[in-house]
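Asks: Residue numbers (the working numbering), protein chains in the order written: chain X, 1 to 738; chain F, 1001 to 1158.
No lab work stands behind these hints: they were computed from the structure.
Backbone N, C-alpha and C define an ideal beta-carbon position, used for all residues, glycine too.
Incorrect hints may have been included.
Stated by the list, open to error - Stretches of chain X that chain F covers, calculated by requiring three or more beta carbons in the stretch to come under 8 Å of a beta carbon on chain F:
| id | segment |
| --- | --- |
| 1 | 64-73 |
| 2 | 204-216 |
| 3 | 338-349 |
| 4 | 374-388 |
| 5 | 653-661 |
| 6 | 666-674 |
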Amino acid sequence: MTTLSRRALLSGSGALIVSVSLRSQAQTLPPAPPDTAILPGSLQQAPYLDAWIRIDGSGAITVFTGKAELGQGIKTALLQIAAEELSVRVDHPRLVTADTALTANEGYTAGSHSLQDSGTAIRFAAAQVRQVLLNEAATIFQQPAGQLHLDDGAVVAPDGRRLNYGALVPPGILHVVAQPETQLKAPGAYTVVSTNVPRVDIPAKATGGQAFVQDMRLPGMLHARVVRPPHPGARLAALDTSAVAVMPGVTQVVQDGSFVAVVARQEFQAIKAMRALEAGARWQAAAGTLPPQADIFAHLASLPAQDISVLNRGTPPSGTAKMLSARYTRPYQMHGSIGPSCAVAQLRDGMMTIWTHSQGVYPDRAAIAELLNMPPAQVHCIHVEGSGCYGHNGADDAAADAALIARAMPGQPVRLQWMREQENGWEPLGPAMVSQVHASLDGHGHIVDWNYAVWSNTHSTRPGNAGSLLAGRLLAQPFEPPSPRPIPLPEGGGDRNSIPGYDLPSARVVYHFIPQMPLRVSAMRALGGYMNVFSIESFMDELASAAGADPVAFRLAHLDDDRAKAVVKRAAEGFGWGAKPPAGHGYGFGFARYKNLAAYCAVAAELAVEHETGRTRLVRAVAAVDAGQVVNPDGLRNQVEGAILQSTSWTLYESATFDASGVTSLDWASYPIMRFDAVPDSVEVHVIDRPGMPFLGAGECGQGPAAAAVANAVAHATGQRLRDLPLTRQKVKAAIGI
Amino acid sequence: MILNVNGQEHDIDVDPDTPLLYALRGELGLNGAKYGCGLGQCGACTVLVDGRAAFSCVTPVMALAGKQIVTLESLGSADNPGPLQHAFIQEQAAQCGYCTAGMIMRAEALLRRNNQPSEAEIRAAMQPNLCRCGTQVRILRAVGRAAAVIRTAAEAHG
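Make the full structure from the sequences, and use the hints.
Replies: This is how it looks when you write it as structure tokens:
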């Protein structure tokens, strides 16, 4: 093994010293609880090596992660990391993902944290397991560990003798707390990490294998559908089940307060019975209290807010050359999973097992246990892939629904899937937001003062307790939703990415957190980062224009972080920034470091505007991303490409509609998203690898920069600045005055 | 009633108004066609009926007597994928993959009638199908790649 850095050398020698000193202390002092706070990644929460890596007597390796595959490719990336440090082929280890009976509690698979938390834990745990294997073999071979090497699942001595890993793992040897220092493999020696290992999950998805929770078929499994109230707040007054009782295949109606479900042998029988139950239900409507959709932003601003000072730096200079201000808005938007939420549940021998595409099996278990009034130890949540969620969609609620239904029919496995209108009507939306910014330029076109305010509801109403589940609010004895709280920085919620990544000597940022939620909202990919980066990066272009500067040059003049500059330059070069666009086309640029602490991403966009209709199309996009040490370059590109297309869809088309009672955009006609005619000709993602640097979460890093690049390209193409999302063709047409 | 699925006749015990989707998934245990909207708006449920792409979520089985139904499963397997399946794997044209089966079947319908589609023809054919993860650029590449493979194979067979 070669060690490249001084840090790696130091950490290598450090490991020896620490283990010796611990051993000598142990003779005189009682064992102290391990200080896990200094361990990297999720080793802090689960410090034992065998929480992450197990090796059986045959040499079979199992890797455990508390994170879930959401379509982001995490299974493949984590296997690469483990295989690399353990010097085995990538198809050697088996991977177990989020399961409350088997894996560490890593909270939610969210916030672009999987590689940072779980990837880091697995990397360090695997490297320490590697050291354990070497030390064991050293004893057997009577050779110094430093003279041994690992090769495809065996430790090899200089004379060629080989010991399979299975021969080196007596029981309990990996049930040890991770050491604070780890001898990591040097990035220069990588053969698996930093290569384009094909995703392990795609072949089944492309050939009809069982790939999703929707595809599960347990023996004797029945199909369920829920009947939802006509809108939030309505209570069930009466339920006529006579029509349903005689329908073929129907086995059960489950009712508790306003929670209504029906179970049948065949799935379509359940759907027909659901429709019949809908017809037989009489609801006591709650008075519609939502404001007209056009007034939502004024309404939000009128609600009581908690004002949080996010940044207060420097003092405004006197005598500035130019002052600009702008206000931006973002409507409620949907996660819009292609597959409506689904879960399978079974109550057997007092144990409730739920197969769910929840992003957080442990928090969901806590919430469902409370809902069912069962001890958490008797509720077992197993993650099985679902349709992409992009945040807190209906997954947790569907899991709770399935559990309530399964409880009513012990022994019986039940599969529940929501209907499209239920997903759209009841999923927690991405919150509506308002931002207001004013800034000043000096005579040299430099920003000398910056003031930014953002208004938003919370960006997380995720479970953890029963009141955060839809079903919890519908029961005869309902659970109260918990009080919404802001997510503190540095991650942030509504204020995520509200601090510009630019060098601004005088800057103030205020987050007006609005507890009261007119519509149910929660986490949607990038949280407030989408809106804040859209706002900040739109305004950077407005400032650049006022300063008479090129947008990219203006950004570079205000950046002092070399990695930030590098992605901006790479995207601009790759795009051919500086050229003149074809007639009717515009160029736009956007940049941010996600959460100001994760991946750096810059996007340049070319957008065409059809003058007669206002219709826009992203023609091409070029992005550059720095996510630290890259595990799977193609996986990273896939994520950023997807982020660009999804964010473009949000930015150009998407706005959930509602009337006084609730959401009305219940299908893809009323909530249009990007279709193939609007897909760009090309999307190019340049990856800047940083060998040996920490993993920086990248799954959400493109949402904000892509939105800004698109908006800036609309402005460039039309000469008109649009500040209210989405930038629909009607708005574009009105702006260009045709 | 009798349904001909992937070249085999199946006697299926469902109500005649049952959409094909539920017969395929529930009665035949096929995973490919997916429930997405039940409205023919997203294409996750796409299969072939007599060689043409159809939304299985809105096609009742009573309309399918004597028709040839083809699903994703008949195109190949994980060990031996068909040209489109192989192309989707090679291009890594998926993220969550929930739309993948419908995408492949929509493309299969196109390539059966036109193995030299232009990019514009591919886009037009794929228009009914939605992908929420944003993998469409890869999907277009995969369809183009599969078309080239199928074309080459057809030419080799003269």
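Asks: Can the segment 374-388 of chain X be counted as covered by chain F under the rule of three residues or more with Cβ-Cβ separation shorter than 8 Å?
Replies: holds (count 4)
Asks: Apply the coverage criterion to the segment 666-674 of chain X and chain F: a residue qualifies when its Cβ sits closer than 8 Å to a Cβ of the chain, and three qualifying residues are needed.
Replies: This one holds; 5 residues, not fewer than the three required, reach chain F with a Cβ under 8 Å.
Asks: Counting residues of the segment 64-73 of chain X that have a beta-carbon nearer than 8 Å to any beta-carbon of chain F, does the count reach 3?
Replies: Answer holds; 4 residues pass the 8 Å Cβ test.
Asks: Examine the segment 338-349 of chain X: at least three residues should have C-beta closer than 8 Å to a C-beta of chain F.
Replies: holds (count 3)
Asks: How about the segment 653-661 of chain X: do at least three of its residues have a C-beta closer than 8 Å to a C-beta of chain F?
Replies: Coverage by chain F is violated here, the residue count being 0 at a Cβ distance below 8 Å.
Asks: With a Cβ-Cβ cutoff of 8 Å, does the segment 204-216 of chain X contain at least three residues near chain F?
Replies: It holds: at least three residues are needed, and the segment 204-216 of chain X offers 11 whose Cβ sits within less than 8 Å of chain F.
Consistency with the previously given hints fails for number 5 only.
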